[in-house]
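So the protein lines, in turn, are chains A and B. Counting from 1, one number per residue, gives the positions in the first sequence under my numbering. Counting from 120, one number per residue, gives the positions in the second sequence under my numbering.
In case anyone wonders, no lab produced these hints; they're calculated from the structure. No experiment lies behind these values; they were computed from the predicted model shown. Quick reminder that beta carbons are idealized off the backbone N, C-alpha and C, glycines included. Misleading hints may appear alongside valid ones.
[What the hints assert, rightly or not] Label pairs and their computed distance ranges (CB to CB):
#1 B:S181 - A:R85: 39 to 49 Å
#2 B:I226 - A:A119: 37 to 47 Å
#3 A:W111 - B:I226: 38 to 48 Å
#4 B:L156 - A:D83: 37 to 47 Å
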Amino acid sequence: MTEKRTTRGVYGWFLQRITGLFLAFFLIVHLNVMHFSEGSLEIDFASVTARLQSSPFWAAFYILFIPSVVFHGLNGIWGIYMDYRPGLRAKKSVLFILWLLGIALTMYGTWGLIPLFYA
Amino acid sequence: MKISDFWMSMIKEWKRNPNVGTFSWILHRVTGVLLVLYLFPHFWSIASSRWGAGAFDHKMRSYETPLIKFFEMGLVLLVAVHMINGLRITIADFFFLTKSQRALFWIGVVLFLFVLAASILAFFPKIFV
């Protein structure tokens, strides 16, 4: 029981793929709207709020997008970190910091978007 | 663990296994880390909406420079590399196609070239205004 686990675990592996598939969809839509479609030249408060409030789809879209991208990114960092075979103590503190950072970043990203849905 | 270990492990792995698998593994790491770093200033920019339409528009206008448009194109290409390679890994994992990863790599390269062409068409009018 005292062996050092150096893998990121099967849940992390599986969730990385599931969030990755979600992100493929989210990013194709997001980048298409932002850079590849008509109107992508004028990104301002008025055009962004008009789009985001045009349908409840966009609220659901970004509410899922933000935690997916945060989890996927930080779980990726965790995977890289695990490749360097850290000790148990270091592993525990880094995991704690990443969870804290992930929760904070998800809340911050969502908080920053809210005015675009209500203004 | 030092930051230099991050690069050293890639150089070491490349010397041991100089093939497309190692190449895409390195690309995946580097693009992944860069995209995570981008997330912070990105959320910070959007959060300017908290201070009203004026603050948001002021921030967005400050990004309307040829250099930043050029970086945005680079960002889209980072996403494209990471997404195409990530899908290749997922397909190989879920459909037991590990043995075809080399062929999948070259399909990915072709896909990337299409994205590159589309990006040049979309971004050059914004970069060279």
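Each hint tested on the structure:
no.	hint	verdict
1	B:S181 - A:R85: 39 to 49 Å	43 Å, holds
2	B:I226 - A:A119: 37 to 47 Å	44 Å, holds
3	A:W111 - B:I226: 38 to 48 Å	40 Å, holds
4	B:L156 - A:D83: 37 to 47 Å	19 Å, violated
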